[in-house]
Each structure stands twice: as structure tokens, then as C-alpha cells.
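Those sequence lines, one after another, are chains A and B.
Note that this note's numbering gives residue 38 to position 38 of the first sequence, counting from 1, and the numbers run on in steps of one.
Remember, this note's numbering sits 510 above the position in the second sequence when you count from 1.
Do not take every clue at face value.
SDA-like mimics (lysine to any residue), calculated; alpha carbons at most 20 angstroms apart, straight line [as the list claims (entries may be wrong)]:
| no. | chain 1 | residue 1 | chain 2 | residue 2 |
| --- | --- | --- | --- | --- |
| 1 | B | LYS925 | B | GLN939 |
| 2 | A | LYS380 | B | VAL795 |
| 3 | A | LYS380 | B | VAL586 |
| 4 | B | LYS906 | B | GLN939 |
| 5 | B | LYS564 | A | TYR370 |
| 6 | A | LYS380 | B | PRO550 |
| 7 | A | LYS386 | B | PRO790 |
| 8 | A | LYS356 | B | ALA890 |
| 9 | B | LYS590 | A | TYR370 |
| 10 | A | LYS111 | B | PRO769 |
| 11 | B | LYS731 | B | GLU847 |
| 12 | A | LYS386 | B | ALA869 |
| 13 | B | LYS640 | A | THR363 |
| 14 | A | LYS111 | A | ARG60 |
| 15 | A | LYS410 | A | LYS356 |
| 16 | A | LYS386 | B | PRO796 |
| 17 | B | LYS972 | B | ASP921 |
| 18 | B | LYS731 | B | GLN762 |
| 19 | B | LYS590 | A | LYS386 |
| 20 | B | LYS590 | A | ASP417 |
| 21 | B | LYS590 | B | GLU515 |
| 22 | A | LYS380 | B | TYR592 |
| 23 | A | LYS356 | A | LEU286 |
| 24 | B | LYS590 | A | ARG60 |
| 25 | A | LYS111 | A | GLU281 |
| 26 | B | LYS590 | A | ALA489 |
| 27 | A | LYS380 | B | PHE882 |
| 28 | B | LYS590 | A | TYR371 |
| 29 | B | LYS590 | A | ARG243 |
| 30 | B | LYS590 | A | ASP338 |
| 31 | B | LYS925 | B | ALA890 |
| 32 | A | LYS386 | B | VAL795 |
| 33 | A | LYS380 | B | LYS857 |
In case anyone wonders, no lab produced these hints; they're calculated from the structure.
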Amino acid sequence: MSGLDPLRLTAVEAKRLLVEGETSATELTKTYLDQIAAHEGDVHAFIQLCGEEAARYAARIDQEATAVRGALAGLPTAIKDNMVTEGVVTTAGSRILQNYTPVYTATAVRKLFDQHIVMLGRTNLDEFAMGSSTENSAFQVTRNPWDLATVPGGSSGGTAAAVAAGEALWGLGSDTGGSIRQPASLCGIVGMKPTYGAVSRYGLIAFASSLDQIGPLTRSVADCALLLRHIAGYDECDSTSVRLPFEVEVPTADRLDGLRFGVPVEYLAEGVEPGVRARFEETLRLIEELGGRCQEMHLSHTEYALAAYYIIAPAEASANLARFDGVRYGYRAAGAEDLLEMYERTRGEGFGPEVKRRIMIGTYALSSGYYEAYYGQAQKVRRLVKEDFGAAFQDFDLIVSPTSPTVAFKVGSRTQDPLAMYQSDACTIPVNLAGLPAVSIPCGLSDGLPVGFQIIGRAFSENLVLRAAHAVEGAVGFDTAPTFRDSSAGVGSIGPGGLCAQDAREAVDA
Amino acid sequence: MPEWEPVIGLEIHVELQTKTKMFCSCALSFGDPPNTHTCPVCLAHPGALPVVNKRAVEFATRIALALDCTVQPRNVFHRKNYFYPDLPKAYQISQFDEPLAVEGSFSYWVGDEQHTCRINRVHMEEDAAKLVHAGESGRIAGSEYSVVDFNRGGTPLVEIVTEPDIGSPAAAREFLNQLRATVMELGVSDCNMEEGRVRWDANISVRPAGSTELGVRTELKNMNSFRFLQQALESEIPRQVGVLEAGGRIEQETLHFDPETGTTSPLRSKEEAHDYRYFPEPDLVPLVMDPAWIEEVRAALPELPAARTQRFMLQYGLSRYDAFLLGESGPLARFYEQVVAVGVDPKAAANWTMGEYLAYTNEAGIDPGQGFVTAERLAALVKLVTGGAVSFSAAKDVFRFMLEEHAEPADLVEKHGLGQISDQTALAQLVADLVAASPEEVAAYRAGKEQLIGFFVGQVMKTTSGRANPKLVNELVRAALTA
């Protein structure tokens, strides 16, 4: 045994061990592949594993001279399966892309490949990133390693569960309304949505173009900064990406002296579980102890943000997903008599219920006669939400809230109630509407399940957000690891246990 | 019954001939094997994003400025949503309520009347791919199968929308003809109509003459022939008048023109029941136009055909018709001015350029300025004519020899013995001989049959194979007969 503990090892530490020759890429990769072998049958984090390729690539890195290795050489990484990767099937969690092999690689992924990361596999997600529990995947339900009866959150639940379970050192997710931060919160890890435009979206299979951002899911804030540094920056293939005026720094700060933290009362209204509220308030006290000042304030249009989001995101999605028409690639229904039937059956059979729901909502919201009442109105709300933040940042350096109003919920408990599911993202959605950076870090447990603490900053204040997060992380001292317990064991089934993720896509057709 | 007047508006699509497509770096091509100029962006692969082609924006801005439009300081791309196999994203990136440019105008001639048509807007968008339907119908309905060539997909397009200011089918045709010449002059498209690089939709309604209200219009879509446009409009106007005079109502619908029968018929309305669900394209940021850059583009605009026609009239004393014919096309206009620049009479240069020279380039299928007849050579020939060294008819022969032998006109005149005979002594001798040999005609002439002068002149020309200076011969004959 290597003595490496995949449940605690950080990327910063792994990098040091590699550079100093205390471990090898091969050993490091094997550590995660072993953990996958031990737990993936319970967790189902991966849609597709690239174990052999990962081991082979790690061996190649070990043969290279240190000088020619990339900055992230040999670090085993999980990639959410909605970032296209040349030659590697990329599904977006959808049957319609079940056998789709991309012809190019997403910029964020390519940048990591350029630094010689080892890709362990492709992680599960809600279909086209639409969901908050990873239950909307066409292939499998991912389980939360803290309690296998609960969800890992979503839509980046696969990457979050993999990192939490020690099945990956770290990974990439995407966040449209909380899809990185909420699963990070539910899985007890760090997750960050960068400022809109900080990371190229080229090759990210679009859900809602004006809201989507790629970001890191990691075990520590320092890891988060390290990964972000290597994916951020302007990309000529993405007109909405931005040349960052700074380099992302790996934070070392442990004090918060002079920083003003705003606590929006609207984010602590109904629906926040007592345990979540307690951990949150304890964390506020820690901030004060570190020299920060916390003060209640208002983001007065918060109550409309969720509604606006559920117009804007589906509207964009209805157009973004229109390209999946069976003509050029992906799934095509067989035996259609004419073009219209081919379209209808391909999309009827290829998309799952939540995706269809959102396509219908979005199509309706953009329809002639309804556009102003829905899409137009939602854009106005979006502007107001953004202005709320702008005004707040006159008085505060950072804004903090619980990431999710609740801890991980039981598998199946919200699937019949979309509105309850949508509430999972009440504290994260306004941040996407405003395009701001925000990180979620673990701040303790409630009923044995992790609670997340969200820190929101001004646009392009990633370094400040990360510095603060690092200080809070140190004060919280969250050092517990998931136990893979199953609170429903003996009470009921947890689904198709033992199904190896390697075959997840095939299982759908079975 | 009232008099009816037609009201016509046009939407013109121009394919820009940039090096690459509107939103990706695939090369524009024509005639290459299908699907050889494609990429993840123009095939709408998952995750691919559009990036605006700056050159296309510049080309579109040239068109907007040439049409006297106001280029908007900020303009926005929208998504126009509909499913069709030639549209891989299932939306076309186009512009909607914040287009590149608005409120222009274009002046054009119909016969000797100058007309002005207001331009509503000029906007940018991308072209669809090309569908080929297998089977007899040639349309997607009823075809055995259809294939898509994505080479054309994503070609930059400019759409020019006029106000309904055009008052007759003939005016519509002239408007398009002169607009096309203007766009060609801008160097942004060759506007080849057969290849569909310029095509248009026409809206047509009728109203009682003098009324200012607009009637219900019908639309003729996707035409690329001036003649068919005029025919279609000429058949649609009486149809609408007939419906209205019978107390009926015009349906707002899209019509198909059948050149075989010369009539219009409605397209199935279901094909047209589109709700395009326009919304701002979130993958692109709004274009913020730098005023200084717009002025640079404006300053670099070439002289446009309308201005050039005016200048030719003033500077060279040409008729409007001649000035227009020479001024409309850039290459011909430049050739003409090169001829004039050699120092020949502008009117004679105009006649030769529009006559023999244009016929030659048309027949040879070359652009003016290309080929063996250079401006210098044509000018040399014109000088020979105006200087009296060759007759007009002999000069036509010289022109023909220029094409065959690629030599200087003066050398050809000499080689083929085509020089004009202006030697007074020699010609006087010929005339004297003729008078002596034609006593009957001489008597008749002197008795008052003066038209016989033509007989004598003709005989001399015949004897000299047309080379005699006709003016001189005329004088000599008159002198001999009245002596």
C-alpha cells in the first residue's frame, strides 16, 4: 500500500509528493482506481471510466523528465460528462448523445490536458445539467458517499461524489444555477463557480449560455485555486470569455481583518433547515474571530430570482438543445416515415422528462405574444438582481449565505415535485443571474451530513473570494471523511447496486 | 372602379465573399466537394460557439454606408428558431430589433426618371446549408431521401430591407439591377445571381391610386432572376386587383412563381406558420461600433455607380443613358476612363467602349480590362477614326484584326491596307473618270435629280473598297457635277 489516503489527500499535497519524488503518477492513479474499485459500485459517480488509459498515461508521465512535465502532471482528475473530449464518448447524461464521440476537446479540458492531468473518467450528471440531484441522468443515479440513501446534489453530482468518495483527486463541474456549489455543499467538498466569462465555455455542452460556467470541485480551497488558475482565461473560441486582469493565486491567508461580510436576510428565510442555519451562524462567528465583520443586509429582489431563472434558463435551453435533431450525430429514431416524424420521435425518445419539461417551458416563454410577459420580464428581474448585488458591494466586500437550504436529501424524495427540487438552488441561482464568482466550502455537519457555506464576491474578485474561503476553511477545520453508510440499509432497496459504471450507458438499453 | 396602384417592397440577401464563414474559420467555397468546408461550429456540434467574422462586419458596414444608412453604435445578434435539416443549430443567428444599420435610401433611374427608395434596415446573418432532394419533385415533400451539403452553411449574408416605396414591376427590376451594381462596386460580393449570391423576396400589395394606406400584401420568396421578378409582379398585380374588385380580400400569404405558366400560386400555408421565437444570442456579445472605425470604412468607399454616372455626364458630356451604361459597372467604367485618359474624344471613346468593345468582352466572357484589347490600343484606334486616318467601317475591321493578331491598330491599318484615302489629286482623278463614264447620270443630276449624288459617291467608295474619305469624295463629286 502506498499510504496515500484518497479521502484526505489534496492536490497541492499530491503535486508536492510528485515533484519531490515521494510518489509517482502511477501510484497516485492506482490509489484512485483502487478506491473506485472499492466504492464505485455503491456511488455510481462515473458514466464512463478510463482506468486503463489513465494508468497508461500515468506511466508515460513517470517516464518523462520532471522538467517537461506540466504543472498538473499526473494528478488524477474527474471530468463532468458535458465537456466534449475528442475521441471520448461524451453524453451530457442524455440518451440522445449516448454514443456521441466528439471531434474536438473543450478548451477547459484541453488546458488541463496540456498540463498533463490524468483523466480518470467521465462523471455523471443530470441530463444536460438540468437538475439538483443527479437523478435526471439517463444512465444511473449517483449516491452521496456520506449516506448512500441520499443524493449528491446536482447537476455536477458525479464529480462531487467522486471527489468526496476519494475516487478522484479533484474534478471539473459546470454551474448554471448552483450545479457546482450545491453538490459540493451536499458532498462536503469545495466547489467554485467563477465569474461569468472567466473560464471558456467552448466545448461545454450548453444548457443556458448566459449562465453556464465551468469550475473546480476539490478537497480544499487551495486546490480550487490551483485548478481554476489552469482553466481560466480568454479563449478566442468563446466571445463571452474575458482576459483576466490577474492571475489566480493559491491562497495562504488565515485572517480576515477589515473585510466586511454581508449576510442577506432573504437567503435565510423559509426553508433553511435548523441544522444548516446553526452551522452557518457558527461560521459567521468564526469570521468575526478572524477579524471580519458580518452584518445583515438585503438583496431585495431575491424572491423573484428563482422564477426569472426558470424562464431564462429554459428559454436558452430550448434553443441550445434544438440542434439534437437526429440529422448529423447522436441518437436518431429508426423507421420514421418523414422528416417531422423523425424529429419528433428522435427527440421524444432521446430526451428525458426534465429536459422535455424545460424545453417546453422555454419554448412557451419565447413564443409570440408571451415573450414580453415571460422572457422580457425575466430579463428585467435579472437586471434588478444584478443591481442588488452592485449596490451591496458598495458596502460589503463579500456576501455569505448557506449554499443549500438543506443537507443531502433522500434519493427519490423530490423527483415528483419539481418546484421543491428547484428550491435547492434558491441561494445559488441569483449568483448566476448576476454572473458573480462564488465558492462553497464545508462548514460542518448536520445530522451527519455536510453543510456548505457560500462566499460570493464582486465580478473577477476570485482571489479575494478564495483568500477569504481559505481563512474560513482553516478556522472551520472540517476534517471528516464520508463513511459510505447507507441509512436505508435494511429498510429498502437503494437501486441497482453493483452495476459497474463502465457499463452505465449500456445498462440503459438493457 | 378606382385606379389601382401597386406598392412593392424588397428584401435582398447578399452573400458576402469573405475568406471565411460568418461565425467560424471554415473557408467559403463554391463548387468544392460537399461537406469539405465544415467544423464543429458550422455543423453545430455540442459545445461549439460562434465568433463574429470582423471582415464580414466591415463588408456589411460598407453596404450600409453605401445605402446612406445610419450604422447603429450598438447592434445585437438574435437567434431565429426553426427546425430544418439545412439549419444545423435549428436556429439562424441573425439580427432582429437592433440591426447593424437603419434608415437609409437609394436613388435609382427608371428610364429618365430618378426614383428614391427608403431603406428600412441592413442586417447581418448566416446562410443555411444546401439541401439536395432525391426524387422527381425536387422538394423535400415526396423525395426519396435528402442530403445536406454544409459547405454553404454559415456563409455571411447581408439582408437589405426596403420600405414599400417601389411603384411598378419595372421599377422593382431597375432598383435591383442598380442596387446590385452598387454592391458589386463595393467589392464585397460578385452578386452572381445564378449561383444565388444575391436573391430576394418581394412584398406586393395594391391600393386605390392616391391612397396612403397600405393594402394587405403577399410575398414572393427567394427569387434570383430580374425577369422572373418582373413577370411575377406583373401577374400578381392584376390578380390582387381582380380579387378586390370582386369584393374579396387579399390573404397575407407567401406565393410561388411558376415561370412555366407565368402565374403565382400559394405555398402551403402550414410550411409558413412559423413562430421564430427570436431572442438575443447569448453566445455573442453586442457589437459596439467604434465611430472612428465607421468613418474609416466610409472614407474608403469607392465611387459608386450613381455618382459615377453623374460625373460622366458632367465631365465627358455623355447622355444619361451612355453615362449610366458606362458608369454602372466598375471594370467597364475604369476601362473607359483609361481610354479617355490617352487623350481621345470622350464621346467617340464612349461609342467604341459601349459598342465594339463591350460586345467583344461579353462574347469572350471576360471582364472589361482583361483580354488583348488594351485601353491604349482602343484609344489608338479611336484616334485613327477621329483623325480621319481610317473610316468608321474600316476601323471595325481593324478592331477585328486586333482580336486575331494582337497587334497595334496603326500596324494593322498598314498591313491590311485599310488607310483612308484623303489624297485630293488621286480622288479628283477618280471622280473625273466617273463623271466622264456616266453621261446619262450627269445629265439627270444637272436636270435637278440631286439625289444622284449618292450614286457618284457610292461608286467612288466602291472603287476604293470603302477607303476613300467620304467627306472629301462628297465635296469633289459636287464640284465636278456643278462645274
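Structure-based check of all given hints:
1. This hinted pair does not check out: LYS925(B) and GLN939(B) have alpha carbons roughly 25 angstroms apart, beyond 20 angstroms.
2. Distance restraint check for LYS380(A) and VAL795(B): the Cα-Cα separation of roughly 18 angstroms lies within the 20 angstroms cut-off, and the hinted pair is therefore satisfied.
3. Taking the CA atoms of LYS380(A) and VAL586(B), the gap is near 18 angstroms; set against the 20 angstroms cutoff, the hint holds.
4. This hinted pair does not check out: LYS906(B) and GLN939(B) have alpha carbons roughly 28 angstroms apart, beyond 20 angstroms.
5. With a CA separation close to 34 angstroms, the supplied pair LYS564(B) and TYR370(A) exceeds the 20 angstroms bound.
6. With a C-alpha separation of about 34 angstroms, the suggested pairing of LYS380(A) with PRO550(B) is violated against the 20 angstroms cut-off.
7. For the proposed pair LYS386(A) and PRO790(B), the alpha carbon gap of about 18 angstroms is at most 20 angstroms, so the pair holds.
8. Between LYS356(A) and ALA890(B) the alpha-carbon distance is near 77 angstroms, which puts this suggested pair outside the 20 angstroms criterion.
9. Between LYS590(B) and TYR370(A) the alpha-carbon distance is near 16 angstroms, which keeps this suggested pair within the 20 angstroms criterion.
10. In summary, the hint linking LYS111(A) to PRO769(B) is not supported, as the alpha carbons are separated by about 57 angstroms, beyond the 20 angstroms threshold.
11. Restraint check: the Cα-Cα separation between LYS731(B) and GLU847(B) comes to about 39 angstroms, which exceeds 20 angstroms; the hinted pair is violated.
12. As the CA atoms of LYS386(A) and ALA869(B) are separated by approximately 67 angstroms, the hinted pair breaks the 20 angstroms bound.
13. Our distance criterion of 20 angstroms between C-alpha atoms is broken by LYS640(B) and THR363(A), whose separation comes to about 27 angstroms.
14. Of the supplied pair hints, the one linking LYS111(A) and ARG60(A) holds, its CA atoms being roughly 19 angstroms apart against a limit of 20 angstroms.
15. Distance restraint check for LYS410(A) and LYS356(A): the Cα-Cα separation of roughly 24 angstroms exceeds the 20 angstroms cut-off, and the hinted pair is therefore not satisfied.
16. Restraint check: the Cα-Cα separation between LYS386(A) and PRO796(B) comes to about 19 angstroms, which is no more than 20 angstroms; the hinted pair holds.
17. Simply put, LYS972(B) and ASP921(B) have alpha-carbon atoms about 24 angstroms apart, too far for the 20 angstroms limit, and the pair is violated.
18. Taken as a hint, the LYS731(B) and GLN762(B) pair is honoured in the structure, with Cα atoms around 13 angstroms apart against an allowance of 20 angstroms.
19. At roughly 27 angstroms between alpha-carbon atoms, LYS590(B) and LYS386(A) are farther apart than 20 angstroms, so this suggested pair is violated.
20. At most 20 angstroms may separate the alpha-carbon atoms for a hinted pair to count; LYS590(B) and ASP417(A) exceed this at roughly 33 angstroms.
21. The straight-line distance between the Cα atoms of LYS590(B) and GLU515(B) is roughly 34 angstroms, outside the 20 angstroms bound, and the hint therefore fails.
22. Restraint check: the Cα-Cα separation between LYS380(A) and TYR592(B) comes to about 26 angstroms, which exceeds 20 angstroms; the hinted pair is violated.
23. Pair hint LYS356(A) plus LEU286(A) does not hold up; C-alpha atoms about 45 angstroms apart against a cutoff of 20 angstroms.
24. Using a Cα cut-off of 20 angstroms, the hinted pair LYS590(B) and ARG60(A) is violated, with the two alpha carbons roughly 48 angstroms apart.
25. For a cut-off of 20 angstroms, the pair hint linking LYS111(A) to GLU281(A) is broken: about 39 angstroms separates their Cα positions.
26. Of the supplied pair hints, the one linking LYS590(B) and ALA489(A) is violated, its CA atoms being roughly 52 angstroms apart against a limit of 20 angstroms.
27. Proposed proximity of LYS380(A) and PHE882(B) is contradicted: the alpha carbons are some 67 angstroms apart, above 20 angstroms.
28. Straight-line distance between C-alpha atoms of LYS590(B) and TYR371(A) comes to about 14 angstroms, which keeps the hinted pair within the 20 angstroms bound.
29. Using a Cα cut-off of 20 angstroms, the hinted pair LYS590(B) and ARG243(A) is violated, with the two alpha carbons roughly 30 angstroms apart.
30. A hinted pair counts as satisfied when its Cα atoms are at most 20 angstroms apart, and LYS590(B) with ASP338(A) does not qualify at roughly 24 angstroms.
31. At roughly 16 angstroms between alpha-carbon atoms, LYS925(B) and ALA890(B) fall within 20 angstroms of each other, so this suggested pair holds.
32. At most 20 angstroms may separate the alpha-carbon atoms for a hinted pair to count; LYS386(A) and VAL795(B) meet this at roughly 18 angstroms.
33. For the hint linking LYS380(A) to LYS857(B), the alpha-carbon distance of about 66 angstroms lies beyond 20 angstroms, and the restraint is violated.
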